[in-house]
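Go ahead and model the full structure; you've got the sequences and the hints to work with.
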Amino acid sequence: AAARAAAAAAGAADILEPEALFARYAAARGLSEPLVAAGQEVLSACAANARLQLPPPVQLRLHAVTLDGFGSFDRPTEYDLRGRGLLLLQGACAAAGGGGGRD
279 AAARAAAAAA GAADILEPEA LFARYAAARG LSEPLVAAGQ EVLSACAANA RLQLPPPVQL
339 RLHAVTLDGF GSFDRPTEYD LRGRGLLLLQ GACAAAGGGG GRD
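In my numbering, the protein residues as written are 279 to 381.
It should be emphasised that the hints constitute simulated quantities derived from the structure, not laboratory data. Since the structure is predicted, the reported quantities are computational estimates derived from the model, not experimental observations. If a hint is listed, it holds; no wrong ones were tucked in.
DEER-style ranges, computed between Cβ atoms:
1. A342 - V314: 57 to 63 Å
2. L321 - E356: 52 to 58 Å
3. L309 - L338: 42 to 48 Å
4. P296 - P334: 20 to 26 Å
5. Q337 - Y357: 18 to 24 Å
6. L294 - H341: 42 to 48 Å
7. A326 - L366: 41 to 47 Å
8. D358 - L294: 45 to 51 Å
9. G361 - G317: 52 to 58 Å
10. A326 - Y357: 51 to 57 Å
Each residue gets a CB set at the ideal place from its N, CA and C atoms; glycine is no exception.
In structure tokens:
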């Protein structure tokens with residue numbers, strides 16, 4: 279039962295803010311009040327200096343896919359993908375040496 283409770287608490291830790299995560303860690307480790315205060319001061323200083331920004335979005339646009347020597351494509355075959363909207367490419371390599379470019 280204790281192991282399950284510890285696993286549940288650890289699983290929830292990834293959604294905590296840094297201050298709450300540190301408080302949980304400090305309580306679990308029994309850290310002294312001066313040490314907890316010093317840790318909170320460090321976290322506050324880091325938060326004040328942090329510039330949390332999301333990275334710019336990445337746009338990937340496939341214009342064409344060329345298949346050459348793959349499966350039944352003996353000669354290069356190109357598929358134009360422009361103007362198709364949402365696109366899903368799916369493939370598989372059943373085994374090494376199967377012509378998937380991995381041998």
